[in-house]
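Once you've looked at the hints, dock chain B against the given chain A.
Number of protein chains: 2
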Amino acid sequence: MIIQKTCTPESLFSDDRFSVVYRIFGNEKEARAKAEDICIEQTVEFPADEVPDGIIRDRVFGRIESFDRHDAESFTAVISYAVEIAAGELTQLLNVIFGNSSIKPGIRVERLELPEPLLKHFKGPRFGREGLRKLLNVPNRPLLATAVKPMGLSCPELADLAYQFAVGGMDIIKDDHGLTDQCCSPFEERVKRCAEAVHRANKETGRPSIYVANITAPNSEVRKRALTAKKAGAGGLMVAPGLIGFDLMRELADDSGIGLPIMTHPALQGSFVTSSNGISHGVIFGQLARLAGADATIFPNFGGRFSFSRDECKEIVTGTVEPMGHLKTIFPAPGGGMSLDKVPDMLETYGQDLIFLIGGGLFKHGPDLIENCRYFRKMVEAIQ
Amino acid sequence: MIIQKTCTPESLFSDDRFSVVYRIFGNEKEARAKAEDICIEQTVEFPADEVPDGIIRDRVFGRIESFDRHDAESFTAVISYAVEIAAGELTQLLNVIFGNSSIKPGIRVERLELPEPLLKHFKGPRFGREGLRKLLNVPNRPLLATAVKPMGLSCPELADLAYQFAVGGMDIIKDDHGLTDQCCSPFEERVKRCAEAVHRANKETGRPSIYVANITAPNSEVRKRALTAKKAGAGGLMVAPGLIGFDLMRELADDSGIGLPIMTHPALQGSFVTSSNGISHGVIFGQLARLAGADATIFPNFGGRFSFSRDECKEIVTGTVEPMGHLKTIFPAPGGGMSLDKVPDMLETYGQDLIFLIGGGLFKHGPDLIENCRYFRKMVEAIQ
Numbered sequence: 001m002i003i004q005k006t007c008t009p010e011s012l013f014s015d016d017r018f019s020v021v022y023r024i025f026g027n028e029k030e031a032r033a034k035a036e037d038i039c040i041e042q043t044v045e046f047p048a049d050e051v052p053d054g055i056i057r058d059r060v061f062g063r064i065e066s067f068d069r070h071d072a073e074s075f076t077a078v079i080s081y082a083v084e085i086a087a088g089e090l091t092q093l094l095n096v097i098f099g100n101s102s103i104k105p106g107i108r109v110e111r112l113e114l115p116e117p118l119l120k121h122f123k124g125p126r127f128g129r130e131g132l133r134k135l136l137n138v139p140n141r142p143l144l145a146t147a148v149k150p151m152g153l154s155c156p157e158l159a160d161l162a163y164q165f166a167v168g169g170m171d172i173i174k175d176d177h178g179l180t181d182q183c184c185s186p187f188e189e190r191v192k193r194c195a196e197a198v199h200r201a202n203k204e205t206g207r208p209s210i211y212v213a214n215i216t217a218p219n220s221e222v223r224k225r226a227l228t229a230k231k232a233g234a235g236g237l238m239v240a241p242g243l244i245g246f247d248l249m250r251e252l253a254d255d256s257g258i259g260l261p262i263m264t265h266p267a268l269q270g271s272f273v274t275s276s277n278g279i280s281h282g283v284i285f286g287q288l289a290r291l292a293g294a295d296a297t298i299f300p301n302f303g304g305r306f307s308f309s310r311d312e313c314k315e316i317v318t319g320t321v322e323p324m325g326h327l328k329t330i331f332p333a334p335g336g337g338m339s340l341d342k343v344p345d346m347l348e349t350y351g352q353d354l355i356f357l358i359g360g361g362l363f364k365h366g367p368d369l370i371e372n373c374r375y376f377r378k379m380v381e382a383i384q
Numbered sequence: 385m386i387i388q389k390t391c392t393p394e395s396l397f398s399d400d401r402f403s404v405v406y407r408i409f410g411n412e413k414e415a416r417a418k419a420e421d422i423c424i425e426q427t428v429e430f431p432a433d434e435v436p437d438g439i440i441r442d443r444v445f446g447r448i449e450s451f452d453r454h455d456a457e458s459f460t461a462v463i464s465y466a467v468e469i470a471a472g473e474l475t476q477l478l479n480v481i482f483g484n485s486s487i488k489p490g491i492r493v494e495r496l497e498l499p500e501p502l503l504k505h506f507k508g509p510r511f512g513r514e515g516l517r518k519l520l521n522v523p524n525r526p527l528l529a530t531a532v533k534p535m536g537l538s539c540p541e542l543a544d545l546a547y548q549f550a551v552g553g554m555d556i557i558k559d560d561h562g563l564t565d566q567c568c569s570p571f572e573e574r575v576k577r578c579a580e581a582v583h584r585a586n587k588e589t590g591r592p593s594i595y596v597a598n599i600t601a602p603n604s605e606v607r608k609r610a611l612t613a614k615k616a617g618a619g620g621l622m623v624a625p626g627l628i629g630f631d632l633m634r635e636l637a638d639d640s641g642i643g644l645p646i647m648t649h650p651a652l653q654g655s656f657v658t659s660s661n662g663i664s665h666g667v668i669f670g671q672l673a674r675l676a677g678a679d680a681t682i683f684p685n686f687g688g689r690f691s692f693s694r695d696e697c698k699e700i701v702t703g704t705v706e707p708m709g710h711l712k713t714i715f716p717a718p719g720g721g722m723s724l725d726k727v728p729d730m731l732e733t734y735g736q737d738l739i740f741l742i743g744g745g746l747f748k749h750g751p752d753l754i755e756n757c758r759y760f761r762k763m764v765e766a767i768q
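For the protein sequence lines, the chains are A and B, in the order given.
My numbering numbers the first residue of the first sequence as 1 and each following residue consecutively.
My numbering numbers the first residue of the second sequence as 385 and each following residue consecutively.
Bound-form chain A, shown alone (with noise of 0.2 Å):
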């Protein structure tokens, strides 16, 4: 053995760890082996027989607290990991999470289970719901939101839409998240006219929507769309982690010169969710997204265009709001190829916690874009 021992004091790890709910495919031998890999993939990296004794193996090592047939063809292993190998930082805690082992098959994070003595290096989200609540004036009803769009409208067009969306008695207007600074509708006009639109509506209205602009963008242009975005008055802001990284949008949360509400975009991270090789929705859509900060987190509602169950969806809700530590609880806002039939149905699987997305469906219910958000709005107001 090359390496016969370490002079690391063990003074340095506490006892404290997290854990990692896996599933883990194959029969019990080969799903125990790959158990037993993932705590030495996730962590040393480093043939187990060429560890010496002592920290690195009793300290370093993941460890399996759990073992547990889940089905006919996977088991459930759950394992944990010294709080100090994730250093604090959200980008080792999903290297040591899922790094390596995203790139072997039959392995699939399906929980986190993050201590306090983890969580206290994330503020978490700055808003969560309670504070969108407040900041939209909405205490009890499921809130209201759409995008404006398509990509290729004009400034002032895009800016009509979302006078006509806040008339119209939607809360949140958000730019299509493929809305970033194309020639068509430039980042600064767009964010300048649309949200000096809904302000001149909220006037009209007496009601507080926000426009919330979409600052995904490449790396050091987004903390400066998102103070043009403020400065121009929008209400909130949208990026999709899995464009510009999940850490980056802890900055942003974490930014008291920001301090707006951020809502999350799916784009890109639909890889991880759509595969038994993967990370489950409540994880990737849920846990990480409030672990990052953001106040809502749109994802593709069951029944519509895209491909979730209603139980992942389930799922997502759970992370939202189930405990973690001191972060706040927020908003699941399950959106995509949305029609009006569809709210008493997701109101009896969400309950009054959620924001309706709602984009294209707006625009076929009738001629006109105003009351057919009236018409929307009332039918919300009607049922809860």
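It is worth saying that the hints were derived from the structure and are not from the lab.
Some hints here could point you the wrong way.
[To be verified] Between beta-carbon pairs, the in silico distance windows are: (1) G590/B - E10/A: 35 to 43 Å; (2) N137/A - D437/B: 38 to 46 Å; (3) I64/A - G688/B: 52 to 60 Å; (4) H505/B - S66/A: 45 to 53 Å; (5) D437/B - S307/A: 29 to 37 Å; (6) K608/B - N137/A: 38 to 46 Å; (7) Q736/B - S339/A: 53 to 61 Å; (8) D255/A - P728/B: 50 to 58 Å; (9) P52/A - K762/B: 22 to 30 Å; (10) R63/A - K615/B: 34 to 42 Å; (11) K504/B - I64/A: 50 to 58 Å; (12) G26/A - E414/B: 24 to 32 Å.
Glycine included, each C-beta is placed from N, C-alpha and C at the ideal position.
Showing chain B alone in chain A's frame:
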């Protein structure tokens, strides 16, 4: 129809388009419907029948350039997009390529066809194959790389390994991707000691081996760590774009204040390639790594403890070297569970233009690390 027209002038769009080759699973009718859906979903995300005639339909919609049977269960669709909708942004380019479609089952990005009018927005790799060979003074043979690990060793212990690797003839000595800023080996001390150790070895050997620091970190820490590493004498940087985002890597590569070669690590990117719903090995580890400025791309070698096939690895090699406008070619760096006996087979598969990345295997060959490195190097020198 609520939106009757748009005043966006057609002159905003050139005739330049980029293309994405999608593999689409299903029968012909299903696959064709999915291809048509991609044209909408990846651009306007809006009911097509609510879009007025004119510029949006003509210029913003994706366009099916070809649609052919791939095999019994899938089809190949080449879909083109106006260069302008990517807005010169890597984040938005990724969004157009696969943002929402990542959430839909049975769609896989197989290849990108990016013309110079799009590529002109991206500098690409700073060094590339030629630059890295010059830096390391290795005109022809494969490069030799290894990693300091396991996590849990102290900085002096890691630095001692780095020294032995360099004396033994490794060209590149990188941090293990799990080493960030943990208590057992804090970033700044580790980088200083490891860089110093490699420089000391170089004085003895007369060779220009480099220490490559892992700077995968929280977003705003990344550039700071790059500068710390450079100041300490590191000769290269490693990042995991799956953890920090592709665009931040691009910024590092573009940054002349940094100016060091960049290696990518595949952590957390596995879910994209391990399912039929994702992105091909050649795109994510080849074309995208290169577009985002990597000089070398690390991926799991075939036949190791991961699951990539020889063909998938060859596909990555194609992505590193096929014509992509002005972008330099980059090094494939297959690794992961490699052992010395795989060297001949790898040379046959990859040719001379590769980086052999060997980690734990170097510890298993014999009891003397320096001798193990020398053996490995001699073998590679002899075979070519």
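* Asked: So which of those numbered hints doesn't the model satisfy?
  -> Number 3 only.
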